[in-house]
Amino acid sequence: MMETAIIPESLDVYAIRQQFPVLNRQVKGRPLIYFDNAATSQKPQIVIDALVNYYTGYNANIHRGIHTLAEEATAAFEATRDTVQQFIHAASREEIIFTRGTTESINLVAYTWGRQNIKAGDEIIISAMEHHSNIVPWQMLCEEKNAVLKVIPVTDSGELRMEEYEKLLSEKTKLVSIVHASNALGTVNPVKEIIGLAHRQGAVVLVDGAQSTVHLDIDVQELDCDFFAFSSHKLYGPTGVGVLYGKKQLLEAMPPFQGGGEMIREVTFEKTTYNDLPYKFEAGTPNIADTIAFKTALDFTARIGKDKIRAHENELLAYATDLLKQLPGLRIIGEAKEKVSVLSFVLEHIHPQDIGILLDNRGIAVRTGHHCAQALMQCYGIPGTIRASFAIYNTTEEIDELAEGLKRAIKILS
Amino acid sequence: MEPKQTIAETEQEIIDEFALFDSWDDKYEYIIDLGKKLPPLDEQYKTDENKVRGCQSTVWLTADYRDGKIFFKAESDAMIVKGLISMLIRVLSGHTPDEILAADLGFIQKIGMTTHLAQTRSNGLLSMVKQMKNYALAFKVKNPITS
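Chains as they are written, first to last, in my numbering: chain A, 1 to 414; chain B, 1 to 147.
Hints are not guaranteed to be accurate.
Straight-line C-alpha distance at most 27 Å; calculated DSSO-like pairs for lysine-lysine [as the list claims (entries may be wrong)]:
| no. | chain 1 | residue 1 | chain 2 | residue 2 |
| --- | --- | --- | --- | --- |
| 1 | A | Lys192 | A | Lys167 |
| 2 | B | Lys27 | B | Lys37 |
| 3 | B | Lys36 | B | Lys142 |
| 4 | B | Lys51 | B | Lys36 |
| 5 | A | Lys271 | A | Lys248 |
| 6 | A | Lys192 | A | Lys247 |
| 7 | B | Lys36 | A | Lys407 |
| 8 | B | Lys36 | A | Lys28 |
| 9 | B | Lys110 | A | Lys28 |
| 10 | B | Lys36 | B | Lys110 |
| 11 | B | Lys27 | A | Lys28 |
| 12 | A | Lys145 | A | Lys167 |
| 13 | B | Lys69 | A | Lys411 |
| 14 | B | Lys69 | B | Lys142 |
| 15 | B | Lys4 | B | Lys140 |
| 16 | B | Lys36 | A | Lys411 |
| 17 | B | Lys69 | B | Lys4 |
| 18 | A | Lys306 | A | Lys192 |
| 19 | B | Lys27 | A | Lys411 |
| 20 | A | Lys407 | B | Lys27 |
| 21 | B | Lys110 | B | Lys130 |
| 22 | A | Lys407 | B | Lys37 |
Heads up, incomplete: computed chain A residues facing chain B, CB under 7 Å, no partners named [stated by the list, open to error]:
| no. | residue |
| --- | --- |
| 23 | Val27 |
| 24 | Lys28 |
| 25 | His351 |
| 26 | Gln353 |
| 27 | Asp354 |
| 28 | Ile357 |
| 29 | Leu413 |
| 30 | Ser414 |
No wet-lab data here; the hints were simulated from the structure. From the three backbone atoms N, C-alpha and C, an ideal C-beta is built for every residue, glycine too.
Kindly generate the complete structure, drawing on both the sequences and the hints.
So this is what it looks like as structure tokens:
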């Protein structure tokens, strides 16, 4: 199902596994098999070391102090911004705003650009496969502004109905906020086409890259998206760090998000002038340690090579899809032509939760439930799915174990 | 189902039964078996009002009050939860509101099912216990003499 024209030199998964200490642990007396990567990935030792090194070697608040520690911490923190800029091919480093995560990045746009630009009767388009974090901020904004939220429906195979999207677009459309890769289905959406169509109507486009950045090459200039949001923790980096990319002219015109230190130029009791980009949007002391360690995570994946990682994940996805399809009563939810390594499925007459508990009993971590996409689950008429999502350290042997675990669970539950 | 014994005695009975299993697989197989044997709840009771909200599975719980005692009936769309419900009913059903309110239900921890009480599981076991105690409290308030 996944086609790779050029097969890159394959990745040494066993060498990679040794770099992830948590993979050595046992769960319920068995070696951990971690298939909940779409929720968060595990962290390699060097990322953990980067956190420890910061706190043991040069912990200091950034941008202000003139002492050595502050200079070192500031340099390391800002180096992450440069790496992120290269990672998503942004035009300038000022376009990289650090946040707490994808959710905060989206909310930042809703609260600043949204409040400034959305008026009564305006329309915002999202899709039926959005995560709650790309639904609720827009619902809140629409409620406040009397604007209208429109939803692109999905096909049975889990792809966007592009003809319906085109019908939804009009001069009323002010924003299209769309997920790049679905966390619940794995579908990779044709964002470039979506952006092009939106721009023709003069609408601004935000891409939710929470799931896509770990798998796909991201070039925000080539995509021509106006905003792009993603998180560190799904990219082998620490939790609590996210990125908002925005086109410079948009970010410059936007009001600040939060007020406080760092985001100001000059403060008097009469008036405050704001700092330049990107600091205008980074009020208060940021998450310094985790942001610094995020660079280590990005360098780690860059060293392995994204094409190699992708080839490995595609192989795992294809292997798992073929194997699991053979199980009685198993139905895959999300069979788009282009997918990231997310495999969502349901089993006839069996509640996903029972499967989740029984797999955990064998040391296998999967996600069960609605995956924060309740509206999408309603479209498919199911309470939730079982989701296995694969990362660089997963193996086909682990997928064999998953299939065995499922077979046994089906047997005792039927 | 007239209980011939106290809540604590039934709890001990379950603890003794689980002591026979040496693996988690066996424990869960037993719980699933209990779930399969739980009589289905009449459709009329599967109302929104009777829903005990958990994150992933749905539990319906209803109670009758007869001769000063509470009798529970429940069902879930998930099998392991059904098994857990079956045990709770076995322990609590047929007792007075006061007995139910005083029950500490330590057997859940002793048979190693504490994870099901954890917030992360959100499978409704905790809410179910709360709901059963709420019924006991409500019947006690409504029928002050009998309790």
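I'd like to know which numbered hints this structure contradicts. Please list them from smallest to largest. Checked against the structure, the hints that fail are numbers 3, 13, 23 and 30, while the rest are satisfied.
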